[in-house]
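Chemist: Using the hints, position chain B against chain A.
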Amino acid sequence: MSPFDATLTTPQDAYEEKRLADLHPQSWVNPKPADNYALIIVGAGSAGVAAAELAIAMGVKVAMIERHLIGGTCLNTGCVPSKALIRTSRLYAEMRDAARYGAKVPDNIEVDFAAAMERVRRIRGHLSNRSSVRRLAALGVDLFFGNVRFAGPDTLMVNDQKLRFGKVMIATGTRPHIPTIPGLREAGFLTNANVFNLTELPKRLLVIGGGPVGCELAQAFRHLGANVTIVQDKPLFLEKEERDAAQILSDAFARDGLEVRLNTQVTAVRVENGCKLVDLISADYRSTIEVDAILTGVGRAPNVQGLDLEAAGVKYDAATGIAVDDFLCTSNPRIYAAGDVCLEEQYTDTAAASARIVVHNALMRGNMRFSKLVIPWCTYTDPEISHVGMYVREANRKGIPVKTFTVPMHQIDRAITDSEEIGFVKIHIRDGTDTILGATIVARHAGEMINEITLAMVADIGLCTLAKVIHAYPTQAEAIREAAKAYVRTRITTRLRARLQRWLAR
Amino acid sequence: MTQLPKLTDEALLERLQHAAFGYFLQTVNPVNGLVADTSRDNSPVSIAVVGFALSAYPVAVERGWMERTDAVQRSLAALRFFRDSDQSGSPTATGYKGFYYHFLDIHTGARVWQSELSMIDTALLIVGVLTASMYFTADTPDEIELRELADFLYLRVDWCWAQGDGGTIKQGWKPESGFLHYGWEGYSEAIVLYVLAMGSPTHSITGDCYAAWTATYQWENLYNYDYLYAGPLFVHQFSHAWIDLRGIRDSFMREKDSDYFENSRNAVHIQRRYTRLNPHEFVGYDENCWGLSACDGPTDEQPDVFNEARRLFGYAARGVPYGPDDGTLSPSAVLGSLPFAPELVLNAMRNMLLRYPQMLTDDRLSSSFNPTVGASDEQPWVSAGHYGLDQGIVLLMIENHRSQFIWQLTSGCRYISDGLQAAGFEGGWLRQGQPEGAC
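Chains A and B supply the protein sequences, listed in that same order.
Mapped onto the working numbering, the consecutive letters of the first sequence carry residue numbers 18 to 523.
Mapped onto the working numbering, the consecutive letters of the second sequence carry residue numbers 6 to 444.
Derived Cβ-Cβ restraints for the label pairs, each shown as a range:
(1) B:E67 x A:D435: 54 to 64 Å
(2) B:A389 x A:I487: 45 to 55 Å
(3) B:T13 x A:E465: 47 to 57 Å
Derived BS3-like pairs (lysine-lysine); straight-line CA-CA distance at most 27 Å:
(4) B:K261 x A:K502
(5) A:K332 x A:K389
(6) A:K179 x A:K332
(7) A:K251 x B:K179
(8) B:K261 x A:K415
(9) A:K49 x A:K179
Just so you know, these hints were derived from the structure itself, not from any lab.
Just so you know, even glycine gets a beta-carbon here, dropped at the ideal spot from N, CA and C.
Looking at chain A on its own, in the form it has when it is part of the complex (with noise of 0.2 Å):
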């Protein structure tokens, strides 16, 4: 077998000792269940443990249900660890580059891949002690591990034992989607459910899928100094983003010397002598490319089954997840849903707010909509592509007039100072007003620099406002006021040639 597939555990070592303490202990005994209970919550992911936060604060008794780890996917298997590896990933590639800081590269400069994976974990287990089982035991959460089976309208099992709920949560997340490619389960492949797991780096690595969690890791890896190779089926990255935004990272990618395949199939693949034979197919043309592991970063598949959802009257789809309304409600009143397994926006904290929602309208007969929500993200490549709101193509499709206010970086004194020009900022608004519809950036910290265009939407703070509120200088978020000046110009031209006008003509 290749050390590089499913068979991969994580190492055993104090950071995972500590995080399987904080996580699921081992000791851990089910507490006896109370008669009822007013919300039990099912999945103690973000969405769960936001949940589980809220209603404990107003009061309310709870049971929580996790089948595996607290802190789901976020905590465990994506957004900490893959951070945490990125950041030691573009240490490596600022050393390669250190000459365009005016510094000298380091000599020889070896990838010491055991070390940067052990940071994951330290910092991993470390995080770990905030959504930790005592902490939410503390809090007053009735924790359960087991597996769950709806076994009625208002009544579930967990293992053997039967609980009894006014409003359930439903917050099981996704997991990895496996392309069904014929001999990949065969020759092994990695998801990001074990690919923290690593202690060695494969020197050829294939990721399938150019999506975000694609990008991101291919990037890493390459970074971390493996050859790596992005399959995707789709003419370009990141379909949902603005193409600009794909093309400054496609360029990035040939910088990096990632090789990219759009347009292209894997078709098939084999073990031959201990190394993975890829079949690709691009249009007409095939080819065969060979790799020591496979990362498949194509989609994520709904935790839908097992949990008897037909006894509970809950609809549900194998591929989106289970249906819900605007507020969040199932097709049971008594069961609602929250976070990746009913979101199209697979985010941690959309997941967290639409929780928020859920405690809200189950419990406080609120009627809080889930479409209300203004919800930023961010691809954390370099330079990192981060969005809110709406595309330009989305408020083509709804007939608003949308004009766009563009600055890039390079006109930005603190992007040129950091050798960090790359990328752009883009405010969509709609024509004629000053009203922020959505926005796109791409810049080296484009993740941070979004929140402020998320305020002023959440706030109903326009461009006008924007232009007035000085940024310490020199930061990279001036890009931000830059557009919004850039707005306020074309306002005072147009008023300006109008009462020119007026007075010459009297």
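Modeler: For chain B alone, coordinates are given in the frame of chain A:
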């Protein structure tokens, strides 16, 4: 050659235009009228370059560079070739459904390089065919045949089929794998494609299809210019080379109170601003040295070596402001903007010719040059030989600047004005109706 920048505007343009025309004489196969993509050895035919050639012959006749009968014979050779070409859509045919493969063998006319059946390149060929038919209007057997062939070739193109099952026209089709699974997204050189597809009396597509395309446009304020964004300069030129887009507006441009001609002028300003800012600190860039467009480049790609870090590209659509940008500039893309901003373009052209005279061989502009990777500041890397598309756009745009001759020819073409109107264009010369004898 070094004297060139010192000539008067008119003399300079005459020299460059005449030299550009020489490309078509040098690379044509007189037997079938097909013209090579580049002047390099073993270059295949690019069907778009044939479209440029067919539009260049009338200019050459008017300018006294070619006999009318010679021009008619060259045009007829090409038109007869396409009429008789293998339209079976087989992997070695010439075309299918009235469209043609992008690259053809210059002797046999068969598809080469496994190229795609190209919708946009067919449109550039066909608009050249129609241009020729608008000029050769004499009542002689040859010119009558020419006009009949032009009609036949245009009416044969099945534009509806090229929509596949989608809203917009597909970019291409291959016999091995069907339609390329991407359409036109964002503003591009495809106006001429949509106009021809909508003006067709036989296979016209609907206005919805055009609206579906313009719905992907990005209207941006960049460097303080309101602008329909497209990165590479050629996008702002290719449809404009044939269609007079001054003062006529579709619904998008009416809403934005602009037009495609003004937009192309803004593209010049934006290129100048970008090269002045010169974010990547490339050698030579300034407001009088610009021209990021689709062109050849000094690639550092190693054949058969994957995963090497790359900062240079080969033939690529370089663009402003998001790149790719590797310090390579296309002089013909500068000259292609001549009608939109004559003074700025001529200043830039003179400056570039003075500083980098190596970009010119036989008075003809090379595809591109790159002073950053040259032997020295004064010795830029220069693309070898010449590209047909470059010579075509230079020739047509100089002519439009000097006399608006190409625009006058095409504005008399009923198919084109019908197509424009079906796309929702109004105002300007369209309001005044078409002259008599429209095709």
